[in-house]
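Enquirer: Sequence:
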Amino acid sequence: MENVEIFKALANDYRLQILFWLKNPEKYFVHEENVDMREVGVCVGEIQKQLGLTQSTTSHYLSMLQKANLLIATRIGKWTYYRRNEVTLKHLRDFIDKEL
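For the sequence shown, UniProt numbering assigns the number 1 to the initial residue and increments by one for each residue that follows.
Incorrect hints may appear among the rest.
Here are the in silico distance ranges between beta carbons for each label pair [stated by the list, open to error]:
id, residue 1, residue 2, range
1, Gly52, Ala11, 19 to 25 Å
2, His31, Glu99, 36 to 42 Å
3, Asn24, Gly45, 18 to 24 Å
4, Val35, Lys98, 35 to 41 Å
5, Lys98, Lys23, 19 to 25 Å
6, Glu2, Arg75, 19 to 25 Å
Listed next, the in silico BS3-like pairs over lysine-lysine satisfying Cα-Cα at most 27 Å (straight line) [said to hold, decoys possible]:
id, residue 1, residue 2
7, Lys8, Lys90
8, Lys27, Lys67
9, Lys8, Lys67
10, Lys90, Lys67
11, Lys23, Lys78
What the hints contain is simulated information worked out from the structure, not anything from laboratory work. For every residue, glycine included, the Cβ atom is placed at its ideal position computed from N, Cα and C.
Whenever a hint applies, use it, and build me the whole structure from the sequences.
Expert: Spelled out as structure tokens, the structure:
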């Protein structure tokens, strides 16, 4: 785990908001038929609508979170879905508890 990259990715209100929403996706996003938001994730378009930002900015933010290993992307057809990487988030919590 590259802690510096994780902290860089977290240093933005919108990116933090994405992680917050994806913690309980059923509460913040429209449920798509045949897609389990917990297992597969939330479609980029739904995240963009919730953020109220352009598609390119939303994709950039999601890419940063994915590169920091905070999100897992799943491609289904032409759509990409994102969910939290709980393993990385647990490692981050452990790092903060033990090292900081």
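Enquirer: Against this structure, judge whether each hint is valid.
Expert: Here is what the structure says about each hint:
no., hint, verdict
1, Gly52 - Ala11: 19 to 25 Å, "20 Å, holds"
2, His31 - Glu99: 36 to 42 Å, "38 Å, holds"
3, Asn24 - Gly45: 18 to 24 Å, "19 Å, holds"
4, Val35 - Lys98: 35 to 41 Å, "37 Å, holds"
5, Lys98 - Lys23: 19 to 25 Å, "23 Å, holds"
6, Glu2 - Arg75: 19 to 25 Å, "24 Å, holds"
7, Lys8 - Lys90, "17 Å, holds"
8, Lys27 - Lys67, "26 Å, holds"
9, Lys8 - Lys67, "11 Å, holds"
10, Lys90 - Lys67, "17 Å, holds"
11, Lys23 - Lys78, "24 Å, holds"
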